[in-house]
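These protein sequence lines are chains A and B, in that order.
First residue of the first sequence? That's 161 in this note's numbering, and the numbers climb one at a time after it.
First residue of the second sequence? That's 2 in this note's numbering, and the numbers climb one at a time after it.
Hints are not guaranteed to be accurate.
As the list claims (entries may be wrong) - Short, incomplete list of chain B residues facing chain A, as computed with Cβ under 7 Å:
1) Arg-58
2) Gly-72
3) Pro-113
4) Trp-114
5) Pro-163
6) Ile-232
7) Val-234
8) Leu-238
9) Phe-239
10) Thr-292
11) Lys-293
12) Val-349
13) Thr-370
14) Ile-374
15) Ala-381
To be verified - When the alpha-carbon atoms are kept at most 30 Å apart in a straight line, the in silico DSBU-like pairs for lysine-lysine are as follows:
16) B:Lys-293 x A:Lys-214
17) A:Lys-588 x A:Lys-207
18) B:Lys-288 x A:Lys-288
19) B:Lys-288 x B:Lys-44
20) A:Lys-288 x B:Lys-44
21) A:Lys-583 x A:Lys-375
22) A:Lys-288 x B:Lys-324
23) A:Lys-288 x B:Lys-373
24) A:Lys-663 x B:Lys-373
25) B:Lys-59 x A:Lys-214
26) B:Lys-49 x A:Lys-214
27) A:Lys-218 x B:Lys-373
28) A:Lys-588 x A:Lys-515
29) A:Lys-515 x B:Lys-324
30) A:Lys-214 x B:Lys-371
31) B:Lys-324 x A:Lys-218
32) B:Lys-324 x A:Lys-207
33) A:Lys-515 x A:Lys-382
34) A:Lys-515 x A:Lys-375
35) A:Lys-288 x A:Lys-214
36) B:Lys-373 x B:Lys-49
37) A:Lys-663 x A:Lys-218
38) A:Lys-214 x A:Lys-583
39) B:Lys-324 x A:Lys-663
40) B:Lys-293 x B:Lys-373
Worth flagging that the hints you see were computed from the coordinates, not collected in a lab.
C-beta atoms are modelled at their ideal positions from N, C-alpha and C, and glycine is treated no differently.
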Amino acid sequence: MIENLDLGMVNWARAQFALTAMYHWLFVPLTLGITWIIAFYHSIYVKTGSEEWKRLTKFWMKLFGVNFAIGVATGIIMEFEFGTNWSNYSWMVGDIFGAPLAIEGIFAFFIEATFFAVMFFGWNRVSKRFHLFSTWMVAVGSNLSAVWILVANAWMQYPVGQAFNPDTARFEMQNFAEVAFSPYAVNKFVHATSSSMLMAALFIISISSYYLLRKRHIMMAKRSIAVAAIIGLIASVFTIFNGDESAYEIAQVQPMKLAAFEGLYEGETNAGLVAFGLINRDKKVFDTQDPFVGFHLKIPAVLSLMANRSFGSFVPGMKDLVYGNSEQGILGAAQKMERGQNAIDSLNAYKQSQKDGDAEAAANHLTAFNENKEFLGYGYLTKPEEAVPPVALSFNAFHIMVALGTLFPIIFIGYLYFSMKGKLEEKKWLLGFGTITYFLGMIASQAGWVLAEVGRQPWAIQDLLPVTVARTNLTSGTVQTTFYMFLILFTLLLIAEISIMVKQINIGPEEN
Amino acid sequence: MIENLDYVTLQHLWWLLCSVVGSLFLFLNFVQGGQSLLWQVAKTQTEKDLVINSLGRKWELTFTTLVLFGGALFASFPKFYSTSFGGAYWVWIAILFTFIIQAVSYEFRRKPWNILGSLVYEGFLFINGVVGILLIGAAVGTFFTGSNFQLDGNNFVTWTHPFRGLEAALSLSLSSIFNIAMGLFLVFNARTLGSMYLINNIELGEVPDMEPRLRKACLQNLILSLPFCLIIVGSLLFMRGYGINDQGAIEVVSFKYFFNLLANPWLLLLLLAGLALVIYGAWNTAKTTTTKGIWFGGLGTVFIGLCVLLLPAYNNTAFYPSKVDLQSSLTIYNASSSPYTLKVMTYVALGIPFVLAYIAYVWWSMNRTKIKIEDTGDRAAY
């Protein structure tokens, strides 16, 4: 199987998944975050009966609707892409991975789909209270769907609650609670939803700042900013603290990812966190080149603190993880590959013995398999260096995300301060900068996912299933064709979406 | 109680649940049917807007049901998910494309600066309504006629036909005729349902010219669906099928589906009752002033869907047969998830009645007032 591997196909399948995921994620954060803010605005309208709040609610709802439609369009392909492009994956882990997707469908998507129509078209069809309830339910449904898809994604990063069944040759669920409440999943959900709330706040700030600069819809813009800046500030602080927790989690279960996004080739005690630096793209894990090009700045011992909650602790580098470090008790990828190959050989021998009806030999092979099964995935690697993800991309994604993430609370504080002083309209520089903050948020958010997914390579399931095995048996030309089909279609739809959005913003909140 | 269910019962139960979701999807295809009728029944801009705004309040339910159908199959029969989606690549990609373009079309169609113009988005809806449903029908047809795949010792799929699934509808064979008949039956049935739904949901007093067109379309599409229905039913009675013998091996069995109907007479009852309900609903809609036809047609479609999806899986039958390697064929026994996962999912499924209840309540709340011209004037309208 692995001998017939078309690496081009695997890379095109990865590119296609990245393309669809990144397009999808252009729209999802806004949906996750802005639904809460719209529900908040809607509640004020129901409470006060003020037409101004109603207009404001309907306006943000309108923009949300345009965004939501394309989010749905790009989302459906992702569920089915697991089957079309990663069919071996679907079989090998479908017993575990399918459940969160089905639960997402039953309990989250139907809430969204059902109450979405009431939220948009229920103004004169249902009671005010039921209408408001529906708006809140859209927010609940959207975020519930995030829960389950992030449970599924977290399981790929930290595969708990499962065991490999040698008889069916697949991974099977052993403990649903471990899968659903994995600490990795909890962190991922909190980080994704809080950062989405932040994104929604930036979206409102960007558009409202534009209105203030153009001296249009001033009251609506000021009210929108006041709510968005408070929510954004809370969300951004929360995102930072939770991001730190996520980094700790990664250090414990995906040390290679941590080493890659920090450009840490040699393990260190009192390891420093890179505050600034240009990563050397040409460096390989086995050579002696400098990891950085020119000057770089590290904050001493902070990486050790982040990774292990202790300043003096050892943080393994990529070399330790690839070639092993006996001093620190770290088993390298090279040794793991050997044991992984033993696991594969034992599994094949077990199956053959079963076919031959030799129960004793089968039992022996099964015992041998069980001794090495945790390294099964490494048996499919062809060289230890394959265990290293793309370092430069991981490093840059992480540092862009962190730099922008640190900037956002400062922006929200600025908006709050000048709003309270009543001088916001005078601060043209802040409003001008404010109009582009949503795009900065988008960059940070995309960078976060690039880090999460590129940093996990070469694994589809961390340590258990490499992407080279997870693929479908397709030619690279086939996947290349669909890659371009999706690229053209999604780009076309994105241009249409942006164009409609710009027009709606220009029209503003007035009724027809 | 769930804890005590044995593996075989769980496998049957989950195929039934997937079939229920699939059948509900076929009922909700009234959205696709209505989309494909747009240019036929709506001649003015007002009529078009009424049709789109009527269907636009329900398109997401259909879409979500399709997603759930996929998710439920992934969770309960992952080998089918991996074999069919990975193997019949092009047919699934084509189906997905038609649903991607549908998802944006309602929202974008009438919005200023939508780049492509409203006609293109209406075209997207037509493509989704015809091509999407036709291909889904052809894919369902392969449950009976078989597909071109092999599974290796690791259950990894190799598709042996270069069309990768599209051959179900594009090759010159008896199988293709059956698959296409299945697809066309679903298309015309969806159009029958679509016309009945629009009659039920639109305030026709405001557009009196559209009502006769809708009632005529209902009858036309019912009549057009019947020959394909006859081909399917006739074939099912006589065609050979793929059974599981006492040793657990797959073998070709003459009159397999006929025997399945005899072994499960309730399936035959479902089929006959379903056809009678659809015909009754559509005929009454066409010949009287009733607006309730959709409920008969909808229930009938669910019954037909249940029969079509249960027939190739129950009674020791391979529901996804391989034409090139019989022993690679999928059955509910060899394609399912583990007993543990099926039990967990069964606990989850206890929430389905609650979901159905709130959908029904919201449906009733939103549909008790019919769609009027004033509903199409709002800026949020489609």
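Outcome of the hint check:
1. Because the beta carbon of B:Arg-58 sits about 5 Å from the nearest beta carbon in chain A, less than 7 Å, this interface hint is met.
2. Proximity of B:Gly-72 to chain A holds as hinted, the smallest CB-CB distance being about 4 Å (cut-off 7 Å).
3. Annotation: interface hint on B:Pro-113 holds; nearest CB of chain A at approximately 5 Å, less than 7 Å.
4. The restraint placing B:Trp-114 at the interface with chain A holds, with a minimum CB-CB distance near 4 Å, inside the 7 Å limit.
5. A hinted interface residue such as B:Pro-163 counts as satisfied when its beta carbon comes closer than 7 Å to some beta carbon of chain A; here the least separation is about 10 Å, so the hint is violated.
6. Checking B:Ile-232 against chain A: minimum C-beta separation of about 29 Å lies over 7 Å; hint violated.
7. Interface hint status for B:Val-234: violated, as the beta-carbon distance to the closest one in chain A is roughly 31 Å, over 7 Å.
8. Restraint check, B:Leu-238 versus chain A: the minimum CB separation of about 33 Å is more than 7 Å; hint violated.
9. A distance limit of 7 Å between C-beta atoms decides the matter here; for B:Phe-239 the minimum to chain A is near 33 Å, and the interface restraint is violated.
10. Evaluation of the B:Thr-292 hint against chain A yields a violated restraint, the C-beta minimum of about 18 Å exceeding 7 Å.
11. Given hint, B:Lys-293 at the interface with chain A, is violated; its Cβ is 21 Å from that chain's nearest Cβ, farther than 7 Å.
12. Taking 7 Å as the C-beta contact cut-off toward chain A, the hint placing B:Val-349 at the interface holds, the least distance being around 6 Å.
13. The beta carbon of B:Thr-370 comes within 6 Å of a beta carbon in chain A, closer than 7 Å, and the hint placing it at the interface holds.
14. Hint on B:Ile-374 is violated. Least Cβ distance to chain A is approximately 14 Å, over the 7 Å limit.
15. Interface hint at B:Ala-381: satisfied, since its Cβ lies 5 Å from the closest Cβ of chain A, which is below the 7 Å cut-off.
16. Under the criterion of a C-alpha separation no larger than 30 Å, the hint pairing B:Lys-293 with A:Lys-214 is inconsistent with the structure, at around 36 Å.
17. Note on A:Lys-588 and A:Lys-207: the hinted pairing is violated, with a Cα-Cα distance of about 34 Å set against a maximum of 30 Å.
18. Restraint check for B:Lys-288 and A:Lys-288: not satisfied, since their Cα atoms lie roughly 40 Å apart, outside the 30 Å limit.
19. The suggested pairing of B:Lys-288 with B:Lys-44 holds, with an alpha-carbon distance near 22 Å, which does not exceed 30 Å.
20. With a CA separation close to 36 Å, the supplied pair A:Lys-288 and B:Lys-44 exceeds the 30 Å bound.
21. Restraint check: the Cα-Cα separation between A:Lys-583 and A:Lys-375 comes to about 14 Å, which is no more than 30 Å; the hinted pair holds.
22. A threshold of 30 Å between alpha carbons decides the hint, and for A:Lys-288 with B:Lys-324 the separation of about 58 Å lies outside it, so the pair is violated.
23. Of the supplied pair hints, the one linking A:Lys-288 and B:Lys-373 holds, its CA atoms being roughly 20 Å apart against a limit of 30 Å.
24. A threshold of 30 Å between alpha carbons decides the hint, and for A:Lys-663 with B:Lys-373 the separation of about 27 Å falls inside it, so the pair holds.
25. Restraint check for B:Lys-59 and A:Lys-214: the C-alpha separation of about 25 Å stays at or below 30 Å, so the hint holds.
26. Restraint check for B:Lys-49 and A:Lys-214: the C-alpha separation of about 29 Å stays at or below 30 Å, so the hint holds.
27. Between A:Lys-218 and B:Lys-373 the alpha-carbon distance is near 21 Å, which keeps this suggested pair within the 30 Å criterion.
28. The hinted pair formed by A:Lys-588 and A:Lys-515 fails the criterion: a straight-line CA distance of about 77 Å is larger than 30 Å.
29. With a CA separation close to 25 Å, the supplied pair A:Lys-515 and B:Lys-324 stays within the 30 Å bound.
30. Straight-line distance between C-alpha atoms of A:Lys-214 and B:Lys-371 comes to about 24 Å, which keeps the hinted pair within the 30 Å bound.
31. Our distance criterion of 30 Å between C-alpha atoms is broken by B:Lys-324 and A:Lys-218, whose separation comes to about 55 Å.
32. Distance check on the hinted pair: B:Lys-324 and A:Lys-207 sit about 65 Å apart at the alpha-carbon level, beyond 30 Å; violated.
33. Taking the CA atoms of A:Lys-515 and A:Lys-382, the gap is near 74 Å; set against the 30 Å cutoff, the hint is violated.
34. Straight-line distance between C-alpha atoms of A:Lys-515 and A:Lys-375 comes to about 79 Å, which puts the hinted pair past the 30 Å bound.
35. A distance of roughly 12 Å separates the Cα atoms of A:Lys-288 and A:Lys-214; the hinted pair therefore holds under the 30 Å criterion.
36. Restraint check for B:Lys-373 and B:Lys-49: the C-alpha separation of about 12 Å stays at or below 30 Å, so the hint holds.
37. Our distance criterion of 30 Å between C-alpha atoms is met by A:Lys-663 and A:Lys-218, whose separation comes to about 16 Å.
38. Taking the CA atoms of A:Lys-214 and A:Lys-583, the gap is about 26 Å. The hint holds against a cut of 30 Å.
39. Straight-line distance between C-alpha atoms of B:Lys-324 and A:Lys-663 comes to about 54 Å, which puts the hinted pair past the 30 Å bound.
40. Between B:Lys-293 and B:Lys-373 the alpha-carbon distance is near 18 Å, which keeps this suggested pair within the 30 Å criterion.
When the structure is compared with the earlier hints, violations turn up for hints 5, 6, 7, 8, 9, 10, 11, 14, 16, 17, 18, 20, 22, 28, 31, 32, 33, 34 and 39 and for no others.
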